[in-house]
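Numbering of the sequence shown is given in the working numbering, commencing with residue 3 and proceeding in unit increments.
These are computed hints drawn from the structure, not numbers from a lab.
Any given hint might turn out to be false.
Unchecked claim - Below are the DMTMM-like pairs computed for lysine to aspartate or glutamate, each with C-alpha atoms no more than 20 angstroms apart in a straight line: (1) LYS423 - ASP404; (2) LYS423 - GLU320; (3) LYS148 - GLU169; (4) LYS283 - GLU169; (5) LYS293 - ASP214; (6) LYS149 - GLU121; (7) LYS475 - GLU457; (8) LYS72 - GLU169; (9) LYS312 - GLU225; (10) LYS312 - GLU194; (11) LYS312 - GLU405; (12) LYS282 - ASP214; (13) LYS119 - ASP133; (14) LYS443 - ASP433; (15) LYS149 - ASP182; (16) LYS55 - GLU22; (17) LYS469 - GLU459; (18) LYS187 - GLU125; (19) LYS173 - GLU296; (20) LYS173 - GLU117; (21) LYS173 - GLU48; (22) LYS312 - ASP68; (23) LYS283 - GLU320; (24) LYS440 - GLU459; (25) LYS149 - GLU125; (26) LYS307 - ASP133; (27) LYS119 - GLU48; (28) LYS312 - ASP191; (29) LYS307 - GLU126; (30) LYS166 - GLU296; (31) LYS149 - GLU288; (32) LYS475 - GLU459; (33) LYS187 - ASP154.
Claimed, not checked - Here are the computed distance ranges between Cβ atoms for each label pair: (34) PRO83 - ASN210: 50 to 60 angstroms; (35) GLU319 - LEU223: 48 to 58 angstroms; (36) GLU19 - TYR318: 52 to 62 angstroms; (37) GLU319 - GLU19: 50 to 60 angstroms; (38) ALA300 - HIS103: 52 to 62 angstroms; (39) GLU296 - HIS198: 15 to 25 angstroms; (40) TYR164 - ALA300: 12 to 22 angstroms.
Quantities reported herein were computed from a predicted structural model and do not represent experimental measurements.
Ideal Cβ placement from N, Cα and C applies to all residues, glycine included.
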Amino acid sequence: SMADFLERVRSLHEDVERVEQALVELLMEEPRGHRQRLRQQHQARELLELMAKRQSQLADIYEDKDGSRKDALQSLAIEGPELYASFANQVREIKNYHRQHPRAPLVQESFAVSEPKVEFTGEENNGRCVDLHAFYSRYLNLAYGKKYFPRDATTGESSLSYVKFLESFFKFGDDLSVKDAQYLKYLEDLWEYLRHFVERTQPLHPINSEIDGHLRTFDSLWESGDFQWDHQPISLPDGHEFCPILRKVFTNKNVFAARLKGKRYIRALKQAEAQGGAGKKEARLEYVINKLCESLLANSLLATKRQVQKKQSLSYEEWQKELEEQAMLDAGEDALADEDEDMDSEDEAELVRGIKDYPVDWEGKPIPYWLYKLHGLGVSYYCEISGGVYYKGYRAFQRHFDEPPYLEGLRRLGIPSRYHKYFFGITRIADATKLWSKLKKDESKTEWIPEEMVEEEDDEGNVYNHKLYQDLKRQGLITPASS
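Kindly generate the complete structure, drawing on both the sequences and the hints.
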């Protein structure tokens with residue numbers, strides 16, 4: 003009926019307005035750090051997809067492909083006694099609806115967005131970095147990787163480190179002889195991961211339209227002659243022959259000549275020509291991977307490189323401490339976002355003015371109150387060894403144990419800097435002096451026993467303690483090493 007048709011159109015328009023309102027309310031909130039920002043973007047994407055779905059339904063209605071809109075409009079052109087009967091039927095339908103739904107709200111609330119389910123590996127660090135360790139291992143075992151980064155003949159290790167891989171994996175060489183089927187599979191999996199990573203970390207970016215633009219540019223370059231592989235065989239420096247169609251290196255020229263006349267070669271040649279030429283898949287993937295890494299993933303790759311270098315410079319215990327601090331910060335962002343969501347800007351400004359020596363940013367403006375609470379800057383920690391200094395926040399307090407003021411304080415107490423790891427957490431001079439006395443006492447208990455602690459070597463390179471070496475030498479069982 004016309005009433006049902008109008009109600010459906012009205013309901014869809016109302017849904018679009020409600021989604022817009024929910025989107026505005028969501029984006030008006032200032033995200034509390036990286037995780038909250040990522041959560042907000044995924045929720046905004048969910049609302050945008052819902053709005054697009056409702057607008058698509060409205061577009062179908064107005065296009066009237068099934069003729070339902072035309073029939074509903076014709077029902078309004080009734081004249082005479084049927085007009086009153088039609089009106090009475092519509093009133094009856096409205097009454098029946100409200101009788102069946104007596105508590106139906108007149109004004110719907112805004113749409114509630116669900117909690118996004120986005121998962122990251124530990125190396126990805128909640129979307130801050132990429133995790134390419136699996137692709138690094140595959141790359142080293144590819145013929146392509148062995149060609150450009152050969153392994154050491156003695157150790158068997160590749161000259162390509164993971165950090166160098168992060169800097170160069172999206173820059174591709176021109177040697178076609180090593181771009182085999184395994185290389186194509188590597189490119190496909192790498193592209194799938196990178197694209198999925200962008201969708202997880204930048205949900206509001208129009209990734210599909212950007213990729214389509216890159217593919218159109220590639221197709222025009224391919225048609226103009228760039229990137230195309232020659233179908234003719236390539237003679238390698240070692241005398242072998244590489245076939246771009248079969249993606250294989252042949253060591254025997256007679257076998258190679260016979261393969262060029264075989265059914266498999268003819269079938270592969272026809273398939274390559276149907277796809278636009280041999281090597282088009284590889285060239286297309288290389289092109290879009292390069293463009294993606296130089297634009298959308300540039301910051302993530304730089305952050306990954308810095309994280310790997312930092313991890314390599316720290317001990318296992320220090321790195322675990324870094325991970326724990328980052329986990330505490332992430333958990334603090336979530337807790338503070340829930341705690342402060344009811345605090346308006348005026349309340350926050352008044353609270354900030356009441357705090358003495360409130361920290362400011364590089365522009366001289368007070369930092370956000372949620373950041374002040376997150377780092378625990380309202381709590382001061384005293385250290386007598388550093389010269390009676392107060393440190394604001396537990397993170398600054400932890401770091402000061404490796405900084406010059408603390409190390410200088412230990413030196414003034416007569417404690418060598420190599421022992422400072424034993425004094426982590428010690429802030430009072432009396433406690434440090436007591437611990438240093440205990441350490442010196444423990445060291446004095448270690449007696450010097452030459453017979454057990456001195457080592458000697460025979461002519462075959464075998465190492466013995468001094469006592470055993472002298473016994474075996476007297477018995478003639480070993481020969482002293484020549485000096």
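Here's how the hints hold up against the structure:
1. LYS423 - ASP404: Holds, at about 9 angstroms.
2. LYS423 - GLU320: 11 angstroms, holds
3. LYS148 - GLU169: 17 angstroms, holds
4. LYS283 - GLU169: 23 angstroms, violated
5. LYS293 - ASP214: Status holds; Cα separation ~12 angstroms.
6. LYS149 - GLU121: 36 angstroms, violated
7. LYS475 - GLU457: Given pair LYS475, GLU457 holds - Cα atoms ~14 angstroms apart, limit 20 angstroms.
8. LYS72 - GLU169: 61 angstroms, violated
9. LYS312 - GLU225: Violated, at about 45 angstroms.
10. LYS312 - GLU194: 28 angstroms, violated
11. LYS312 - GLU405: 18 angstroms, holds
12. LYS282 - ASP214: 16 angstroms, holds
13. LYS119 - ASP133: Between LYS119 and ASP133 the Cα gap is close to 19 angstroms, so the pair holds against 20 angstroms.
14. LYS443 - ASP433: With a Cα-Cα distance of about 16 angstroms, the restraint between LYS443 and ASP433 holds, given a limit of 20 angstroms.
15. LYS149 - ASP182: 12 angstroms, holds
16. LYS55 - GLU22: 13 angstroms, holds
17. LYS469 - GLU459: 12 angstroms, holds
18. LYS187 - GLU125: 23 angstroms, violated
19. LYS173 - GLU296: It holds: about 10 angstroms lies between the C-alpha atoms, which stays within 20 angstroms.
20. LYS173 - GLU117: Violated: LYS173 and GLU117 sit about 38 angstroms apart, past 20 angstroms.
21. LYS173 - GLU48: 35 angstroms, violated
22. LYS312 - ASP68: Status violated; Cα separation ~63 angstroms.
23. LYS283 - GLU320: At roughly 45 angstroms apart (the allowed maximum being 20 angstroms), GLU320 and LYS283 break the hint.
24. LYS440 - GLU459: Roughly 36 angstroms separates the two Cα atoms, so the pair is violated.
25. LYS149 - GLU125: 28 angstroms, violated
26. LYS307 - ASP133: Within the cut-off at roughly 11 angstroms; holds.
27. LYS119 - GLU48: Cα-Cα ~12 angstroms, so holds.
28. LYS312 - ASP191: 28 angstroms, violated
29. LYS307 - GLU126: 12 angstroms, holds
30. LYS166 - GLU296: Since the Cα atoms of LYS166 and GLU296 sit roughly 16 angstroms apart, the hinted pair holds (cutoff 20 angstroms).
31. LYS149 - GLU288: 17 angstroms, holds
32. LYS475 - GLU459: 11 angstroms, holds
33. LYS187 - ASP154: Distance ~26 angstroms between LYS187 and ASP154 Cα, so the pair is violated.
34. PRO83 - ASN210: 50 to 60 angstroms: Holds, at about 57 angstroms.
35. GLU319 - LEU223: 48 to 58 angstroms: For LEU223 against GLU319, whose Cβ atoms are near 52 angstroms apart, the range 48 to 58 angstroms holds.
36. GLU19 - TYR318: 52 to 62 angstroms: At roughly 56 angstroms between Cβ atoms, TYR318 and GLU19 fall inside 52 to 62 angstroms, so the hint holds.
37. GLU319 - GLU19: 50 to 60 angstroms: 56 angstroms, holds
38. ALA300 - HIS103: 52 to 62 angstroms: Holds: the Cβ-Cβ distance is about 54 angstroms, inside 52 to 62 angstroms.
39. GLU296 - HIS198: 15 to 25 angstroms: 18 angstroms, holds
40. TYR164 - ALA300: 12 to 22 angstroms: 18 angstroms, holds
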